[in-house]
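Protein chains in written order, with this note's numbering: chain Z, 1 to 332; chain E, 1 to 507; chain C, 1 to 325; chain B, 1 to 353.
Quick caveat, the hints were computed from the structure, so don't treat them as lab data.
As the structure is a computational prediction, the values presented were derived from the model and not from experiment.
One or more hints might be untrue.
[Unchecked claim] EDC-like cross-link-like pairs, simulated, lysine to aspartate or glutamate; straight-line CA separation at most 16 Å:
| # | chain 1 | residue 1 | chain 2 | residue 2 |
| --- | --- | --- | --- | --- |
| 1 | E | Lys-126 | E | Asp-139 |
| 2 | C | Lys-323 | E | Asp-76 |
| 3 | C | Lys-323 | E | Asp-75 |
| 4 | E | Lys-221 | E | Asp-76 |
| 5 | E | Lys-221 | E | Asp-28 |
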Amino acid sequence: MRRLVLKALGAVLLSGGVAAAQEIRPAIVFDMGGRNDRSFNEAVHRGGQEFQRATGVAVAEFEVTAEPQREQALRNFARRGHSPIVAVGFAQRSALQTVAAEFPNINFVIMDSVVELPNVQSVLFREEQGSYLAGMMAAMASRSGRIGFVGGMDIPLIRKFACGYVQGARAVNPQIQVFQNMTGSTPAAWRDPVRGGELARSQIERGADVIFHAAGGTGTGVLQAAADAGRLGIGVDSNQNHLHPGRVLTSMLKRVDVATRLAFEQARAGQFRTGRTVLGLSEDGVGVAFDENNAALVTAEMRSRIDQARAEIVAGRVTVHDFMTNNSCPVQ
Amino acid sequence: MTSAAPPAIECRGITKRFGHVLANDAVDLVVHRGSIHGVIGENGAGKSTLMAILHGFYPADSGEILVDGRKVSIDDSADAARLGIEMVHQHFMLVEPFRVVENVMLGAEGGALLKHGEAEARAALKRLAEEYGLAVDPDARVEDLPVGARQRVEILKALYRGAEVLILDEPTGVLTPQEADDLFRVLRALRDEGKAIILITHKLREVMAVTDRVSVMRGGKMVAHRETSETSAAELGELMIGRRPAAAQRPAPSAPGPEILAVEDLRVRDNAGVERVRGVSLALHAGEILGIAGVAGNGQTELLEAVSGMRAPESGTVRLRGEPITGLDAAALRRLGLAHVPEDRLRHGLIPEFEACESAILGYHGDPAWRRFLGLVSGRKVEAHAARLMRENDVRPALPRLRSSLFSGGNQQKLILAREMEREPDVLLVGQPTRGVDIGGIEAIHERLRGWRRAGKAVLLVSVELDEILALSDRILVIFDGRIVGELPGGAADERRLGLLMAGAAA
Amino acid sequence: MEATLDLVVPILAATLRVAAPLILAALAGLFAERSGVVDVGLEGKMLFAAFAAAATAAVTGSAWAGLGAAILASSALALIHAFACVTLRGSQVVSGMAINVLAAGLSATLALAWFRQGGQTPPLTGAARFAPIPLPGAEWIAEVPLLGRLLVGVVGGHAMPVYVAFALVPLAAFVLWRTRFGLRLRACGENPGAVDAAGVSVARLRYAGVLIAGVLCGIAGAAISTAQGAQFSPEMTAGRGFIALAALIVANWKPWPVLWTCLGFGLLDAVAIRLQGVPVPGLGVPFPVQAIQALPYVLTVILLAGFVGRATAPRAAGVPYVKER
Amino acid sequence: MNRELPRWADLALLPALNLLLALGVSALVVLAAGESPAAALQALAIGSFGSWDSVGYTLFYATDMAFAGLAVAIAFKCGLFNIGVEGQAAIGGLGLALVMLGLDSTLPAALVVILAVAAGALAGAAYGAIPGWLQARRGSHVVITTIMFNFIAASLLVYLLVNVLIEPGQMAPETRRFAVGLPPLSDFGFPGRSPVNLALPLALLAALAVWVLVWRTPWGYGLRVVGSNPDAAAYAGIDQGRRIIAAMAISGALAAGIAVNELLGSQDKLILNFTGGAGFTGIAVALMGRNHPVGVLLAALLFGALAQGGAELAFEMPDLPRETVMVVQGLVILFTGALGALFRAPLSRLLGA
């Protein structure tokens, strides 16, 4: 029940902070995908919006379109006195390292990477744990014993998703076959839904009946193809269950929105925490989405096994291997 | 044939200005049906402009045109076609990758689908071939046809469109005498059918041979109209250039020196892999002009390209002063004293979009003469060099910074000749030196080549202009189908025999 | 046998799907360049058309309305291209590049302004999409051993634009080689002077060629966002216009070779997708994903260098037509 | 109608008018997006030249554009359409990074940087020379091969960065930081804070070198002959094939300048997609600059200003979609490049009268 604790803590901060509310000017620098990418960046955006709605404090935003703009944008916000500034995505690490050192009095947050500076909060997620649950659900929902994974680009983060997914699936069905495809090697790989659809169809034609995507904009094509073929897709980052109600088994949630809101709330309460924060299942930082859109797909048994698995992972009885620890995955 | 019928074409006071140049200045012209009407004049006299106006290529600034006595406006080629005015351009307006029948149909397809029109065109081609002796394979690709055949295609095109007035712009420039005779026979047949034919040319011989009437242009003005039977070549020549032309010379016999260039059993293929030169051997001596006569497309182009280093021969050897030079590139050959005035000015001789001074060092661009410190090319030196060349060789306008394409053909050619002769090479290869050059220019160029010979240099001259070959050569070799089919002495060459050899009709 | 079919049928079906927009775009380039206007703006026109199709289909609920809008939008860009290249005799390559940049910016800007969904359009469902069309009498044909399944599996079940793409190949060949318009258009790309001398307007023909390219890119764009995909998202054409341009050159500016070339690209792609993660025989581990992804491109280069002869573009392509004085 | 304009009108007035028109139409787009065009233009102007920081960033982006534009231009001068600058820059970056990673801790800083620049140029040149060779010797159209080579380079880079060169334990597919890099211009007294670095003077030098090479050497003369009249090359004794290969190699080496500016001057490590599409923008830069180094530098400055001003515009007007800047860029390319002759006829009438 730790997630409740987390939420309660947030609530306390929010209410308790009213009295001691600091004047803060939060800002977000999005990654290349842009604030409306329907997944990762959009979740951060949503977190900021929730904070803005709740407190009336305006959240400034900037979307980078070229590599050098990262540093430029962070510095721009810092110079104008924005704080805390959320840098979204691992690609911002070195830019943040530079700028955060320049502005020791400004607070920064980085998602998906670590910057060891006294004014930076580094937020990491245990994507493998969320993906593990997604994999379990996929294996339970699959009738063919074959499931699929479509990644955007073959980079460590995506391998981390894939590795957790396969582990979860194997935990349910050790014989299950998992097809894996990566979309491409150019930036277009993240925004090519037609190719995403083709990859999904190729997996479906090989018998896959549940397909998990971690491919940004390309993923909409994956979910579409799965829905068109009467199979199931699994969304990522944000809750994408609503995209094709009844055809999206679940979505692997990565609560960057919560992390963002929380960071702002801390700052407003004058309690901004720096250092490393790792959000996994136990912190409710990752998870799988259950809502009215997938209610019909989730059996009671499924639900209970997922809850059980979550409890075991939280309790440390089950360990999900993190690809990043040794750059390899024990299962294929 | 003069009758009460109104003339097929009547131009009244046609005036056309390009910028500051008055190309046509109140020009009048009357052309009757059933006649061949010559329009003569030097390059730049305004003949082509007048014809372009008649053909709707651009509008006149003022003046009027009457067709069959009715005033008309000709805004584009389609208008001209409706009025039965068709033109055979000097540079053929043919689509080279297309078949003959497609070219003939283009613009007169007879319906949205080609099927019906094509059948019609084939039938018409067959009929016209029989009627006028204009035989061409309708399925041949134009790019595969020799020049003479291409011209027949142009004429067939015009006839197929129902030409009543046929304008031919310098039609014989690329033809053998026999082909020219053939053409004239066709033209006479057309005249006898009642068509009006306008022949634009600067060749007085042709005018005298084939026309019924002749109009002379000079400097944009129409200076005279004559019945051909009542004038002479001499009078026309004088009217054309405004003075008495220099008497045509035949070369004085020369005493050739030692052999300097030797070609042995040369075989050359073109880009398409067709063998164009099939075992040519020849020897060129110092102090001689050796003329290669032949109809265009018989291998002389490839021969020149192979000897000049532009194209690697398939086999055979070329020696310069006894040393083999086969396979050396053109730059190396220039350094050895073998220069080349190419047949095609705009494709090879200069770079149209370069400034004239840059075209003036083409092939000699590596010369240390225009280098400065660090071996960099000095723009000023290049410009000064070109300015001197232009001054010494009367290239007009003498503006080294003007774009090469903006010079007239004659001046371009003068610049190329100046460039190639400046270094006094022992051997000069010359292809079509006077193509598109006006009479004054021709005289100057011929005089230069003769002077060159007198200086003890050797000239290999390739030309399809028989007059030119005869006027310059000490010896004449005739090339046909990639082989040398005959040799004649220059001074006493029998034109008829030459013509037959060129046509491959005699061994 | 059945196992082979299990493998081959989906790959061939995917080949047709992937090839369809490439064919449309390559044919578009074919018409423009045959008329003498180089078109590097295929990508931009497709992208803008994809946006117009998805946006219109989302609002009206009709894929056909979307297709119409796509054709209009793409043609509007084509008109700009024609004006720049034919009327003003501007640089054809610059114009094409400008259209690519403009289309990328404009489609995303408009999508964001109109739908407020991050530059995407709403997902399309039902009649707003071109649904797969089953082969008539499929269940009956499928009974035929071997061939039946091949036919139903490969040829059947595609959306309308896919069939349009394939139908357009013979149509394009017919128009170009069997009609008056085609004859003139091709002549225009080889020697516009001859066309002019024949009393036919070069400008009008080139406008026609470029506008046909606009229409075809419009269909290609609609295929991408309303048949193969089900919404527009920014830059979703992902470089297909450039692949189509390459296919056009490999195909030597001829319709049937365009078909074979695009099918070749499609097949390589479909096979490459299948090869991802498949262990290499004898090695036990799969090739790196990136090697498989690069495979179609590497093979294209090798094929081009080894077997396909020199490409000969229409001679007048890229050259503005100026009447000679 | 085609009377030639005076030189000053051709080179200054006409482009200025076209730019104005482009901005005018852009203003309409901004208006359509519900924002104030005046404010947007002001943000664009101040954002690109309003402070030393902005000027520095403008120059930094312009450096990328200059290298890309020069790379495209020299290939164009040889009659080749190099769409492969993206890939050549990527491979150039790879060569550069390998030297830095291998030697940056053992050799003196200046030496290793020079070696890295040389290695980058060499790698880019090699990657450009292959399509050149294929064109010259096998007749493979350079447009196709360079498109293909872009994809191949991207795949290679992802493979190496993810599997070989990645900094262990890191999420981002990028190498470790280089110990040294090109010093920023601020080390030499350039005011403000921006990543503009020694790659800028290097780009200027490259432009000068391109000008000298192409317009002031016999070799460059031959290059231009091949580009404008390949038939004449044989006549002049110029080896067309070798010029093509060399032109593509030089083009690739110039493309590697993007890597020098981005990786050695700003990022200090090899990252994915550091070119950010500069290779494609370079085509427009080259053509707008009429393939002449001076023109390319001016066009590069314009595009640098648009990139930087566009970023600031996004800051000032967050409600304006970031893609609006692309619209402005597209319009500028369209009006100053392709529609460049729009005012030519009226202007020549006006000036001729």
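Hints, verified against the model:
1. Lys-126(E) - Asp-139(E): holds (12 Å)
2. Lys-323(C) - Asp-76(E): holds (12 Å)
3. Lys-323(C) - Asp-75(E): Measuring from Cα to Cα gives roughly 14 Å; hence the hint holds.
4. Lys-221(E) - Asp-76(E): This hinted pair is violated, its Cα atoms lying about 24 Å apart.
5. Lys-221(E) - Asp-28(E): This hinted pair holds, its Cα atoms lying about 9 Å apart.
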